[in-house]
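Model the placement of chains B and C on the given structure of chain A, informed by the hints.
Read off the chains here:
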Amino acid sequence: MPSRACLRGGSRREPAIASARHPAFPAGSPVGEGVARPSALRLASGRGRYTDDQTLPRMVHLAFVRSPMAHARIRGIDIAAALAFPGVVRVVTGADIATVCKPMQVTLAHLPQHVSAEQWPIAIAEIAFQGEPVAAVVARSRREAEDAAELVAVDWEELPAVVDPIAALAAGSPMVHSSLGSNLAFSARFENGEVDRAFAAAAAVVEHRFDFGRVACVALESRAIIADYDPTERSLLVRQSHQSPHLMQTMFARHLGLAEHRVRVIAGDVGGAFGSKLHVYGDEIATAAIAVLLGRPVKFTADRLEAFQSDAQAREFLATGRLAADRDGRILAIDVDLVSGIGGYSIYPRSSLGDGLQAATFLGAAYDIAAFRSQLRVAYQNKVPSGALRGVGQPISCSIVEQLIDLAAGALDIDPAEMRRRNYLRQGQFPATSKGGLKMTELSLVPCLDRILELMDYRCLRQQQSELREAGIHRGIGFATFLEQTAPGAGLYGPGGLPITSQDSCIIRFEPSGTVRCEIGCSDQGQGTLTGIAQIVAATLGIPLDDVAVSAGDSAGAQGGGAWASRGLAISGEAAHAAARQLRRNLLTVAAAVLQGNLEDLDIRDRLIVDVADGRERLSLARVCEIAYYCQDLLPPEVTPELSATSHFTPRTDPYFIANGIQACHLEIDAETGWIKLLDHWIVDDCGHVINPLLVDDQLRGGIVQGLGAALFERCVYDEQGQQLTATMADYLVPMAAEMPDITIAHVLTPQPGTALGIKGVGEAGTIGATAAVWCAVNDALRPFGVRVGRQPFSPEVILTALGVIPTPPVVDPVNPNDEEGDMQ
Amino acid sequence: MKAPNFAYLRATDLPGALAALDSYGTGARILAGGQSLMPALNFRLDVPEVLIDINGVAALTGIEIQGDVIRIGALTRHAELEASAVIAAEAPLLAAAVRHVAHPAIRNRGTIGGSLSLADPAAELPACMVALEAELVLASSAGSRTIGAAAFFRGLFETDRRPNEILVEVRVKRQTPNRRHGFAELSRRHGDFAVVGIACQADVADAKVAALRLVVFGSESFPRVASHAAAAAQGRVLSRALRDDIVAALLEDLDPSDNLQGGAATKRQWAQILAGRVVAQITAA
Amino acid sequence: MDAVTRATITLSVNGEPIAATVPVRQHLVDFLREDLGLTGSHLGCEHGVCGACTVRVDGIAVRGCLMLTVQADGRRIETIEGLSESGAIADLQAEFVARNALQCGFCTSGMLITAAALLERPRAMSRGEIREHLSGNYCRCTGYQAIVDAVASVLAGRIAAGAGDR
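Chains as they are written, first to last, in my numbering: chain A, 1 to 825; chain B, 1 to 285; chain C, 1 to 166.
Simulated from the structure, these hints should not be mistaken for laboratory data.
All figures in this text were calculated on a predicted structure; none of them were measured in a lab.
We treat Cβ as the ideally placed atom computed from N, Cα and C, and that holds for glycine.
No false leads were mixed into what you were given.
Label-pair ranges, simulated between beta-carbon atoms:
#	chain 1	residue 1	chain 2	residue 2	range
1	A	Ile166	C	Arg75	50 to 60 Å
2	C	Ala90	B	Gly67	45 to 55 Å
3	C	Arg75	B	Glu64	19 to 29 Å
4	A	Arg209	B	Asp206	51 to 61 Å
Same shape as in the complex, but just chain A (with noise of 0.2 Å):
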């Protein structure tokens, strides 16, 4: 047994935050508090406003007939018995659809080499996966339109499917779709340096073979949509749990030929959405020309079921990765193939390559690596499309090179941590852009290093490991150092042509009181945006934080393009940062017209007008907006009140903001049984000035368990006709409480250069890094044994298949690549 006991997660209760005092803000201001959301309350009251809690006048429901088969053609559909079921109030199939509604097909401008398919809202031909809608049933209640959907008859053809995107690939694979001619979306090849030679030359060639299984979302709430179409007006009123009303609003203009500025989407509270509801949905879409269609409003709530059948699902990779380093441990090269799998249509309107572009090219970006090479190959395969999921490709880039670096470590006898320590980009050589094209601002990954080691107390633990395994108890210590790609700019989507704003708008006011609204235009699931909005203005323009009222997710609202990529506050709040500072300014000017002063001597603190020089009181805000409101002919002629004002952001220095970090995971694997245990997790991150630490915190937890969820639960299983094994929470294994550890969290500050309030994304830093330091523990704990894992998620089975107590691969699922050693040269 160990000696003594090491300081494990002992810092857990301490605060995150050693609050360093936000430079552009005076000291008392909200900015840098751990504040509670002021909607956290009424939502913890039971009064949430979901979509589907909310119920129209002569409002109809939907229930689609989706495909049985993962593959099939549509010979013919008989509706006739469903329309005749009571309470069944129209059947509408693809071609129904399609009198009002065009077609959904990806194009991306800049990478004209992804080709793609049509797809039909409603399937009209043929249908590419398991779940594809080919009919829908229009009730007054779900119940009965569920009922009616089982009476529609659809005489089928079923074609051959192909599941496994290596086959799909291969000469003679089942089409997806015969049109494209081939199965293959897109490939790539992205290479700098001199990559042959370095592994000529290198003291340890390292090779592993990856297996990610497919993951999906699971956001508790399923997607959901109300469409309110009036005829007379032409006009389309949508409530949709979605993380982009905006982009909806166009979309829908689009597809279904209405004005643009007669569309508007609602996006109320959303209960979680983690990528899955950034997408355009043929159901969705279908929801709203029904509502065209019959001119009243139309609901859809997607089931479990149909969240599994149809949301986006991610991350589906074989890799085989290779490194070389030097006799020193320096990284020479890395050289990596990907396949992905996408699913049956690149998904609508980003694009399913994000995944796979994002894994080929952050590749060992952390790293001072001479020479890079990466292949990619993206299949499409008769399986759910694939789209957003929290941090798009990035945990699959990081758990490669994670997982590769620690083999070389042990291929040369250097302590993991050393390694990493010994290729970090250095503090000199910022700004810096990597061999795959990543270009980083200023990185602190020595200090995050230092600080986590020290939070983990790492050469104790060690020690401890090392005596235990003495005992036959085997235990994995794993790092990751992670970057995090945050608040991508116009770089992103403009090149493809894609209407997908980077760029957030803040609307602000004064009411005549004093109290302040502010419209801003990313959009908030609950990771808290809104809050850290009210905070910096509140801060700005010197009044409380309750004086705030901040709305969004309305497309009547303050444009914007809602929450995705770590963007809310890096980018909504530099634009309400700069709307409050033009509102204070002329505010002040109504001021200063009032006392007969100069704007320059004057400030706001703490609702009052107050001379800058000495603090002393002139006049209370709020009789300055009274003034503003109702007195105008108290001020001077040339003084018109303007009490809003508008700014806007995206970032234009920079392509997007890195942020960065280091995790570390502990685990104990039972070797009889293959059980993981989580111990201790730790994160040490780098996300800039935060503007609210209990927030923040929260976003890393949450972030860092559902990637431990991916790692040792969940995937994606589908049998080779393409039907999903895993379409319930039965089957689909999420993380739950009891299973998942404490996690110790720690920051380090980089203010984010160029931008007014220093502050970059970090709604994905936990999720990243999480899988990947679950790589490298499991196989640290199986060193002695000789052996490693290569398949996720590290199932009991996987672990006992690995240590050669059972002899046969896992039964299920088709793909199993083997797990072969590296070579030492």
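Just chains B and C, lined up with the frame of chain A:
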């Protein structure tokens, strides 16, 4: 995921429930706790003609000692088993096992009769009943009959219950001074169905095994009595060596099936490891 | 007694007497949400796994999606709305808010009702035991730690208050 159309009948006494069962035959389902039936209905995996709700049948409730047996009414909720002082003292195996059944809200509704009648191969209570050599009482309008638990469970979701019968109570022998128990299961997450589990009772006299009833569940299509393991233990002194022999003999008893959590070979490994752990519990008791 | 496809029932919901005629196949949460407008109870999976629909029936936490409305005849139902208005779990709600033990809020009603059961007869519990008690309620947002912190804190508070009473 809305349940299909069916009719509903609330029985207020056992004869009424049995009469309804007679008239609807295989189109009827008995609604007890509903914790497995309701998901099947919501998924429309089951489309019954009528549900006969027996929750109002008072005769089916209660846990009481009757001479040398404990009578457990079929409507007894898992939470009641968990909280029962009688169960803790007189059927400690059951008390140990029931904590592994799902989660508190499920245990508050789920019933022992429902669990046994459904015969989910991964459920804890059927295996415990076999290990405890419980007797199950089945009633029909023609009368009632009693059957041993080992004979009751016949296959995957298959029991000896006839369509016109309701499981009304369970009779379990009371704890004796010589009786020891062991229970262990592996589940992917806390409260999940067992991937493999073992419920075990042993009569131990003078440190020797007089009888071992080791029952494997989860991996098998029904609670599997490990007869080879029992034979290996018979009359022998509890020891490390015996444990190894039991574990080795168990292999002859197993007939596991593949599923998402593991293949047959994996499940054999798990069952053997668990058997070793359960025998260790019994040895240490 | 005849089998019926619709049934008239009387029950108490959050202290209010209710009479209603419902299709017998309707589960309890659909009734609460659709017929009574009590939308604080959520449907996350409708097969008893996620816990978002947890409500109290006769004081006991149950899965609302795994019970028929007709089975609530004569019963006393409490939902998050009633528990909020009565103040019965105000300390727990305050702690959830203060620790940000909820993000999107969709799991929160069920999580609170599940946690409240543990707080009714407070006894000292380890964090592991609290985690096990909550393990039938899925939360994708928080990673559970803040929820465990909140429950542990209220539990400690109630134990201390109980000790003070004696």
